[in-house]
Structures are given as structure tokens and as C-alpha cells.
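K.L.:
Those protein sequence lines, which keep their order, are chains X and P. First residue of the first sequence: 22, per my numbering; consecutive thereafter. First residue of the second sequence: 22, per my numbering; consecutive thereafter.
One thing to keep in mind: the hints can contain errors.
One copy or two, either will do: identical chains are not told apart, so a pair holds if it fits within one copy or between any two.
[Unchecked claim] Capping the alpha-carbon separation at 20 Å, the derived lysine to aspartate or glutamate pairs in EDC-like fashion look like this:
| id | residue 1 | residue 2 |
| --- | --- | --- |
| 1 | Lys225 | Asp198 |
| 2 | Lys225 | Glu266 |
| 3 | Lys269 | Asp256 |
| 4 | Lys225 | Asp303 |
| 5 | Lys225 | Asp46 |
| 6 | Lys147 | Asp119 |
| 7 | Lys225 | Asp54 |
| 8 | Lys225 | Glu194 |
| 9 | Lys269 | Glu255 |
| 10 | Lys225 | Asp112 |
| 11 | Lys147 | Asp103 |
| 12 | Lys269 | Asp113 |
| 13 | Lys225 | Asp201 |
| 14 | Lys147 | Asp256 |
| 15 | Lys147 | Asp262 |
| 16 | Lys225 | Asp148 |
| 17 | Lys269 | Asp112 |
| 18 | Lys269 | Glu89 |
Hints are computed from structural coordinates only; laboratory data are not their basis.
Protein chains: 2
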Amino acid sequence: MRDFSQDHRWLSINTATVRRQRGVDWPLLDILDACAARGIRAVSPWRDQVAAAGLAATAQTIAAHGLELSGYCRGGMFTYTDAASRQAVRDDNRRALDEACTLGAPCLVLVVGALPGALAGRAAYKDIAGARAQVAEGIAALLDDARERRMPLAIEPLHPMYAADRACINTLEQALDVCDALDAARSGALGIAVDLYHVWWDPKLAQQIERAGRARLLAFHVCDWLTPTTDLLEDRGMMGDGVIEIAKIRALVEAQGYAGYSEVEIFSAANWWQRDGGEVLDTCIARHRSCV
Amino acid sequence: MRDFSQDHRWLSINTATVRRQRGVDWPLLDILDACAARGIRAVSPWRDQVAAAGLAATAQTIAAHGLELSGYCRGGMFTYTDAASRQAVRDDNRRALDEACTLGAPCLVLVVGALPGALAGRAAYKDIAGARAQVAEGIAALLDDARERRMPLAIEPLHPMYAADRACINTLEQALDVCDALDAARSGALGIAVDLYHVWWDPKLAQQIERAGRARLLAFHVCDWLTPTTDLLEDRGMMGDGVIEIAKIRALVEAQGYAGYSEVEIFSAANWWQRDGGEVLDTCIARHRSCV
């Protein structure tokens with residue numbers, strides 16, 4: 022297991038972690054500057070932040086700072102209610118792939134979607150098995166586009182509390198079943214993003230990380246689970262402030278040969294997004310060294 | 022599959038569903054009266070409500086109304102930090118068993134506990150595998166007490182969002198693994214409570230209900246999952262107001278031979294607990310017929 026205590030060379034910042042400072046949006050290019058100024062070597066930007074900053078300007082700033090990406094957030098949202106929405110999803114995901122290529126991402130992270138309409142408060146249907154079938158079909162189609170572009174797809178299982186509205190792939194086992202079905206050869210074109218917030222509770226965590234193996238482990242995200250958690254979406258904790266055994270799980274992932282970045286992804290409306298962005302980045306660096 | 026549309030003979034009310042009316046505690050004996058007045062045949066009371074009303078008075082009222090129990094809520098909370106707390110847990114669970122016997126419950130429902138102290142905001146340790154081992158040990162010990170009293174134990178897997186602070190058994194598969202380890206003979210002394218709020222999202226739901234079979238299916242709880250869900254604990258929905266395919270899952274359970282009550286358990290601080298208790302019971306009856 023790598024020693025993270027001496028430096029932060031394997032730290033990546035998911036830019037959602039500092040998407041707001043003091044409650045106000047922090048522009049992506051400023052975030053990239055602030056990361057580079059601290060010797061942070063990698064980031065994982067969100068599409069909406071890239072769109073706001075401009076794709077070309079983002080790519081330019083990343084190149085100018087010599088930053089790497091640990092992933093691109095995100096494609097997915099595959100479920101649909103009719104042929105038109107299915108086509109729109111595929112088109113949008115192709116654009117996401119192209120952006121990931123432009124930015125030099127190692128993978129496109131997939132939040133696969135759930136019951137259509139649920140995120141807006143009104144599910145178009147309740148058939149979660151049907152939604153899961155649509156997701157598998159959507160990943161299969163996108164995988165063709167991804168192979169053409171040599172851009173790996175990383176399925177991110179989301180915590181079961183998001184099964185209705187954000188992602189109906191909710192365990193590593195389920196994600197790996199999809200990987201096995203669509204890429205039995207373990208070609209590297211399809212794998213998983215292991216985000217500890219979503220999977221830390223899983224009694225089959227160690228078993229499924231071993232099943233994934235090096236070929237399927239495309240990304241590793243950290244934050245912490247707070248007790249109490251006061252909001253289902255935007256109350257993630259800084260590493261060390263919660264109950265996740267982060268180092269123990271990182272050891273499992275590295276035992277399979279994972280040697281990439283540890284990406285900090287924290288949504289925290291009431292705490293970290295209310296602070297100065299530089300303070301948040303400094304805290305990420307300190308906790309990466311002491312708690313990851 | 023039984024037809025629930027014509028009457029509510031298989032409806033049970035978990036008394037937490039009406040623990041408050043208009044924001045104020047509704048005394049258990051009044052709840053029992055209100056249930057009986059509506060022809061509701063079964064209830065599942067919570068220990069704290071029974072303690073407030075008195076065990077003997079509760080048993081008397083239940084007998085006077087000819088009510089049955091569909092379960093007794095709850096035993097468990099097995100995790101500990103030292104020998105004294107371990108012993109205290111076992112003693113308390115024995116008392117819960119005795120109360121369940123006095124009330125004529127068909128089973129004692131177990132919410133198994135998680136990281137000690139987390140519910141109060143400060144986990145004594147983070148070792149969830151260790152907590153799970155303590156839980157298995159606690160169930161094994163309690164099973165001896167339960168067999169003596171001929172009182173079945175029903176492990177209730179809780180939603181993974183409660184893994185840190187309420188229950189570290191989070192899937193049916195995990196609960197059934199414990200059942201298989203401690204009661205391989207499927208004697209009926211140990212089984213599961215299937216609460217749809219906790220398990221509806223599980224991609225292995227159908228498979229594990231089939232694995233459970235008649236011998237292990239001791240209780241069936243319903244409510245609904247709202248989108249959005251605004252609180253991790255107290256924002257459960259009334260059947261029909263959310264996205265759970267209740268009838269489809271009831272069909273799976275009944276296909277295994279389950280023929281007991283469908284117990285409504287709703288924690289709803291901002292909605293149902295703010296209403297008149299009689300209105301809530303009437304709604305439970307209507308939704309039991311139309312949505313369960």
C-alpha cells in the first residue's frame with residue numbers, strides 16, 4: 022500500500038468539492054489555478070462546470086498547469102420514456118465522451134440514472150427492473166462509442182438511497198455483473214468507479230473489490246460518512262470526520278494493483294461549500310495525508 | 022396472491038405510524054382503541070409506547086379488543102464496547118422477549134445495531150466488520166433465550182443509509198447468511214422481517230425472498246419511498262405516494278407461502294404525524310386495499 026503521509030502526489034480534487042465557496046459558485050478556471058498553486062496534480066471536473074468555463078479554455082488551463090484528470094464527471098442517466106429521449110441520452114453521452122477525450126480524461130464516470138422523472142419529483146414509472154434493463158442497454162450502446170474513442174467507461178454504483186432518482190446500479194456486485202455481461206474479456210474499456218461514500222457499508226465490499234481486479238478498477242473516490250447525516254445528497258464529510266475506514270478500503274483496492282489517484286469528492290452545502298475554497302483544498306491535502 | 026381490495030383483514034398497524042398526532046404523542050391505549058374501532062385486527066407496538074402505557078394494561082387492552090400482534094418492535098442493538106454493555110444488551114433483549122411473550126407476539130423484530138455511539142453522534146469505533154461479528158454473536162446468544170420461550174426472532178435488514186448508526190445488517194442476503202449460520206435447520210426460531218422501505222432497491226430482492234422461503238419469512242412491512250426524500254429517518258411515505266412496487270413484492274413473498282399480515286410502518290414527522298390519528302388509520306385502510 023502506498024504511503025500517502027509524506028506528500029499529496031496521488032491526490033485528485035473532484036471539482037464539485039469546491040464548486041461553491043462561501044455559498045457562491047467558484048469558477049472552474051479559478052479552481053484549477055488554486056489546485057495547481059498547491060501542487061495538486063490531478064482533478065476531476067464536472068460537465069456543468071466545464072460548460073460554464075468553456076471546453077477549450079478548460080483544456081488550455083489544464084494543459085498550462087500540467088494537470089492530469091482522474092476522471093470526467095459524468096455520463097449516464099440512461100433511462101428513458103420514449104425513443105426520442107433514448108436518442109437524446111445517447112447523443113448527450115457521445116458529447117460527454119468527446120469532452121472527456123478533449124480533456125484527456127482516463128475514463129468517463131457513469132451515474133447511470135434511475136426512474137425517469139423521479140429526480141424532478143414525479144417518476145414516470147416504478148419498474149426498477151425495467152430501469153435497470155434500460156441502463157444495461159444504454160451502457161452497451163455507449164460502449165461502442167467509447168471503444169471507438171478509446172475512452173474507458175467507469176460505472177459508479179451509487180448508494181441505495183439514490184436508487185429511485187439518480188442511479189439504479191447500487192452495489193459493486195451489480196456493476197460488475199454489467200461489466201461481465203458487456204465486456205467479458207476484461208478489455209479495459211469498461212470498469213467501475215469505487216466511491217467510498219456509496220459502497221463503504223456493503224458487506225460484500227472486499228469480495229467485490231477482489232472480483233473487480235486491476236482491469237476493472239478505474240477510479241477511487243473518497244470522502245466520509247457523517248453521523249448524523251442531515252441531507253441525503255449534500256452532507257458528505259471530509260475524510261476523517263466520519264465513520265468510513267478509508268485506509269483499510271484503499272488497501273483492498275491497492276492490493277488488486279490500483280495505483281491511480283485518490284479523488285476527493287465532497288458535496289457539502291452547509292459546511293465545506295460555505296468556506297473559502299483555498300481552505301477546503303488545504304484541508305483536503307492535510308486529510309489526504311493523515312486519513313486516506 | 023391474496024386479494025386485499027375487498028377488506029382489511031390482513032392489515033396490521035405498526036403503532037409508530039400513529040405515535041404522534043398533530044405533533045403530539047398519541048397514547049398507545051388510545052391507538053389500540055382507534056384500531057379496534059375500525060376493524061383493524063392486528064398491531065405491532067413499539068417497546069417505548071408499551072412502557073409508557075404499561076405492559077399489563079397494554080396486554081389487557083389487546084385482549085379486550087381481540088387484537089393480534091404481527092410483531093413486537095423491537096429487540097437488538099447488539100453492539101457493545103465492553104463486557105458490561107454486552108451484558109446489559111443481553112439482559113434488555115431478554116426483557117423484550119418476555120414482553121413479546123406477554124403480548125402474544127408472533128416474533129420479536131430485531132434492529133441489530135451498528136457502530137456503538139454513532140446514533141448519539143460519536144462512534145466508539147469504525148470497524149463495521151467487527152460490529153457485524155458482535156451482532157452475530159448477540160443474535161446467537163439471544164437465540165438460546167428465544168428458543169426457551171418459543172419466541173421467534175426476526176432480523177430486519179435496515180436500509181444501507183442506517184449502516185453506521187442503527188443496523189449493520191443491510192441486505193436480505195446478509196440477514197439470511199446469519200440465519201443459515203445460526204439456524205441451519207430452518208427451525209422457525211430465526212427468520213427475517215421484510216420491510217419494503219429497507220429492501221425495495223435491492224437487485225437481489227426476488228432471489229433472496231425465494232431463498233428465505235416460508236420458514237424464514239416472519240414479517241412483512243410496507244410504506245413507500247418518496248421522491249424526494251427529505252429526511253433519512255422520518256420521511257417515509259404512505260403506500261401509493263412513492264415509487265415502491267408494493268404489490269409486485271407482496272406477490273413474491275406470498276409465492277413463498279407467506280400468509281400473514283401486511284404491517285404499515287411509517288415514520289413521518291412533517292406529514293402523517295402532523296395529522297389526526299384517525300385520518301391516518303383511515304388512509305392506511307384505504308391504501309392497504311388500493312395499493313398493497
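K.L.:
Next step is simple, just say for each hint if it's right about the structure.
P.N.:
Checked hints:
no., hint, verdict
1, Lys225 with Asp198, "both (14 Å within a copy, 12 Å between copies)"
2, Lys225 with Glu266, "within (15 Å within a copy, 26 Å between copies)"
3, Lys269 with Asp256, "neither (23 Å within a copy, 33 Å between copies)"
4, Lys225 with Asp303, "neither (34 Å within a copy, 42 Å between copies)"
5, Lys225 with Asp46, "neither (38 Å within a copy, 40 Å between copies)"
6, Lys147 with Asp119, "neither (33 Å within a copy, 41 Å between copies)"
7, Lys225 with Asp54, "neither (40 Å within a copy, 45 Å between copies)"
8, Lys225 with Glu194, "both (8 Å within a copy, 10 Å between copies)"
9, Lys269 with Glu255, "neither (25 Å within a copy, 32 Å between copies)"
10, Lys225 with Asp112, "neither (35 Å within a copy, 32 Å between copies)"
11, Lys147 with Asp103, "within (15 Å within a copy, 46 Å between copies)"
12, Lys269 with Asp113, "neither (37 Å within a copy, 34 Å between copies)"
13, Lys225 with Asp201, "both (17 Å within a copy, 17 Å between copies)"
14, Lys147 with Asp256, "between (27 Å within a copy, 19 Å between copies)"
15, Lys147 with Asp262, "between (36 Å within a copy, 11 Å between copies)"
16, Lys225 with Asp148, "between (26 Å within a copy, 15 Å between copies)"
17, Lys269 with Asp112, "neither (40 Å within a copy, 34 Å between copies)"
18, Lys269 with Glu89, "neither (26 Å within a copy, 48 Å between copies)"
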